[in-house]
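Protein chains: 2
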Amino acid sequence: MKQKNIHSPALSRITVSDPLFKHYISIVSKKLIPYQWNVLNDSEPNTEKSFCIANFRVAAGEIEGSHKGMVFSDTDLYKWLETLAYCLDRGEATEFEVHADEMVDLISRAQEPDGYINTYFSVNCPERKWTNFTEGHELYSAGHLIEAAVAYYHATGKKRLLEVASRFANLICDKFAPGRELENACPGHQEIELALIKLADCTGEKKYADLARHFLEVRGNSSNFLEENLREQGKNRIFPEFADYDALYAQSHLPATEQTTAEGHAVRAMYMFSAMADIARTYGEDAMAESCVRLWNNVTQKRMYITGGIGSSGHLERFTVDYDLPNDRMYCESCASVGLMMFGQRMAALTGDANYYDAVERALCNTVLAGIAAEGDKYFYVNPLEVWPENCLPGTSMSHVKPVRQPWFACACCPANIARTLASLGQYIYAQDEKSVYINQYISSELCTDIRGAEISIKLQSNFLADGTSRILIKSDKPQSFTLRIRIPYYLENPTFIFNGKAIAPVIENGYAVIAVSREGEQILEINSKVEPRWVAANSKVRADTGKIALMYGPYVYCFEEEDNGPNLPVFYAAGSSRAVSDAPAAGLPGSLPTFKVHGRRLDSGIGESLYGQPSFRFTDAELKAVPYALWCNRTPGEMIVWINALIS
Amino acid sequence: MKQKNIHSPALSRITVSDPLFKHYISIVSKKLIPYQWNVLNDSEPNTEKSFCIANFRVAAGEIEGSHKGMVFSDTDLYKWLETLAYCLDRGEATEFEVHADEMVDLISRAQEPDGYINTYFSVNCPERKWTNFTEGHELYSAGHLIEAAVAYYHATGKKRLLEVASRFANLICDKFAPGRELENACPGHQEIELALIKLADCTGEKKYADLARHFLEVRGNSSNFLEENLREQGKNRIFPEFADYDALYAQSHLPATEQTTAEGHAVRAMYMFSAMADIARTYGEDAMAESCVRLWNNVTQKRMYITGGIGSSGHLERFTVDYDLPNDRMYCESCASVGLMMFGQRMAALTGDANYYDAVERALCNTVLAGIAAEGDKYFYVNPLEVWPENCLPGTSMSHVKPVRQPWFACACCPANIARTLASLGQYIYAQDEKSVYINQYISSELCTDIRGAEISIKLQSNFLADGTSRILIKSDKPQSFTLRIRIPYYLENPTFIFNGKAIAPVIENGYAVIAVSREGEQILEINSKVEPRWVAANSKVRADTGKIALMYGPYVYCFEEEDNGPNLPVFYAAGSSRAVSDAPAAGLPGSLPTFKVHGRRLDSGIGESLYGQPSFRFTDAELKAVPYALWCNRTPGEMIVWINALIS
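Respectively, the protein sequence lines represent chains A and B. FYI, in this note's numbering the residues of the first sequence are 1 to 649. FYI, in this note's numbering the residues of the second sequence are 1 to 649.
It is possible that some hints are incorrect.
If several chains are the same, the list does not tell them apart, and a pair holds so long as it fits within one copy or across any two.
As the list claims (entries may be wrong) - Taking lysine-lysine and the DSS-like style, the derived pairs with C-alpha atoms no more than 30 Å apart in a straight line are:
1) K625 x K129
2) K302 x K530
3) K478 x K30
4) K235 x K68
For the record, the hints were derived by calculation from the structure and aren't laboratory data.
Using the sequences provided together with the hints, build the complete structure.
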């Protein structure tokens, strides 16, 4: 496989203007950053306690106490710092930089002389450092520290946190590199691998990428390393639910290059596959690249919900088998869809193929957006496609499904993961290499960047969902030639192109329309297409969706809520040929996505109040209303359904 | 409510001749009794170890060691003894009576001087006796000892085990009766209540029934007794899954007379409701009787599967909410359906109403029979209505569902519960009171009994499912008048009656056709009806069954297996008007129930190999074959489905 050098432009040079995403990006800096700051400080009422900053203070010896909260609670602060860095990059939330600097100082004071940082182990059980790889999350937490440090350095130019993280990374290299004491250990939760690659890119220190590669290579070589490590913990076990632990859970069942299906905990899988794609690109490793393609195809062609959700088992938040996509009891963790975006972005960087961005867009526009309230203060951890609030009962098989977003979680990965994704959204819209600028998402925005010595700006005005057109204004200060590669997604019907007033028929290469630009000054590319609401069916092997259809508009999946359609949504039917009529956006929801009216039917089994009886099926007409799944549960909480029954004649 | 005195005739006087049930009754004595005997002795290869008899030997001080296995493992021996007693009652498995007597001696040697018996607490932690009501199962285990003792006494006339059980029951009365030390305690798993009533009936000692009544009355008075008791265990907790414990779980959330919905663990609920019905009948307690009716109606009209399965949550094996009846992930424990049979039998005894036997028959002919292999050596614990073997994966939300019957279980309640039910099946077929004999099931059999001083025999030849007729031969040695009450179930269409050659139109009272008998000698009642295979739909509020139909024949639910229909069963459709054509019984399956051929269709969503795409639904014709659910998974293991999609025009 030919190596590509596709990377993201600096976030500071991307401005998003799309009304829906601008809303969410803005609530990250205006609401989430202050809200999460309060949570980290345990000063937010009505949320589960975080203990996060208090734990650092205890570890720094500044207050007395023990570590409280989850074993990986340090990452809440790291992800907050990373998110804040992306906001600062764009000139937002600047009033928090002073707090961030205080936190950087605090983290450095909590760092042990040898570079070690982890408040759980430092405070509660220093004698058990580097012993519990399966549950301890030391390397996972280190990874998030590194990601935060790299982001904070890029945003502020301040090196303090990068130095702290590098010292820790150096210690990790000393412990885990080939030939060292822990050379056979692999992390119980992948994350450090992709972080080390970022650190190598940022510092130019190749040893960090080498260690990432080593972590991937050592994994699954001894297929039961993590299982044996778990058994060795004896009475020091941390997670009771790991009674069901198996080698698949953390993808340690086979070497990375031999894995063919996405198995185990979905977030762990996505973080690992992302790092694999990075390593394949960095080292030009074909076997790793081929494994990435196989795993990507398995996920997106056999194990992914229409919403870009992944993880079909509610228990242990994991993959199950091909085509097993139950709509109400699955996990579909918000973090897993963030991870799918990360994996897809890296696959596109590895291959230069736009098609990887289809699933990135699917995850972003549906599960990731749905994971956060329009007001920014509540979150979904689990993202079902069908919710019946009454049966989401504690102490049952459905207890993991929350019918309304929650203000916080003891395990607070999802809010922070959504926040850092939205705060850095530009990285998913634009990319560039030596001679091309890539437009990967139709999210209205502007990019300024240098290419081949020219300073250019690209302004994307995407109106596909309003009037079927998009305009791209290109400005260059020099007559330097470069190519603009514009992703043409599957839902654009027969797009036509007008470049500087003239119809053109650009080459479509790897899913990108390739436009050669060589003039200086302003140029305009217009794309005209038609985006119609469309009904979608699932593969016949997806048992949960047999005879069902879902409504999509562009990349957006629509759903039916109780507020608009009344209760007992599973009794609704619509014909796959029925027209979805565009209507005004739902009042009070952000952005300008239309709602749709659908002429459907409601089924009655005709047996009255009995539980079972002779069928006498009767349809009655019903006007249904669909809203974007991304925005569900932002009005009156209630039932929701994505897949409705198809009327099949 | 008027008190009834309806009771079961002696099992020794009932002989079952129905080919299906005779088969299962016979494998209990010929296979289960020896098989379970080997299991109890840990001499059966390829099964999980029971440790049961070894624990008694340790408790009796005869071998060294600690208690191993489940905390309630003593009940495996008690249920084996109870089952064997029912076999001995009918003159079967007599070669095991000598082993039973040895076991009775062993139990008596394991009994402590004050009467206490429980090998777990005696051996492992005598200091914690009577402290852990929520998890300890001491009273539950005592209940099964008592049931075994009563049955063994009835079968053999031997008093030794009854004395042992009575001594333990006396100790329990001394500890738990009003005014005693533990008067506020209630059992964490109901069972002792109904056992104490049996003991009172057997011994004439009213104090045992009084204590049963007290246990029901104290329950839920302090709604958090069991929860607090669980918290008090601290590090001595037994069941990790009780992290999710709540007051609903063991029905201690409200006083028994104030409960209106079936909540919590389904087996606990059924055992409790059974005891409530007994107490309502024994003491003529109207408030208790009314609560029983409400709870029965809630279960059977809103929370019961078409197969008589109950317990919609796989996690914690419990009830959820009305109409929540998912077909693949539920629990539907075999024991819970045995419990439903017990509850229904007692409701019929309380009210004299035959309609309670509809659900008893539903549970028996479907879930209970399905719980045991035709060969008698394997068992289902969980009884789903839709099985896709590939997704029944360990470590996932579906891990509790086993796609094939298992040879044994560490928690071995179900095999033993099915065995004792089948071994005592006669109690569900016949009942009698001072002036009536009741026929409650159309299971061909013969009863000999005394009524009003006359010795009568009743021979039931039920051929409804073969030719629409049943014959009942009545013989009496005296011209004594009595009434024969014959249940007329909902699936008999327009039954007509010929009594001694003359057409009659008997009064139908409480679901029974009432026939006055007054002659001596032989008399014949013929019932002619039509039983056609029929499609059944569920209430429109049962979301899991929207637009679906199931095939029934008499009380038998039918299902579609992969062996006959190929894989991916959820794509099959059939019209509710389509005729199910009777065919020969499936080769190698017991009994003579027909199979059915149905003209159906197979749906393809028309999107090829993609995961999602534009629907192009296409039907192709398919000849489907249905087999009784009771007999599923007795040929080649594979997929199974009960509810298939209805073609609705």
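Worksheet item: Can you give the numbers of the hints that this structure goes against, from lowest to highest?
Response: Hints 1 and 3 contradicted; others consistent.
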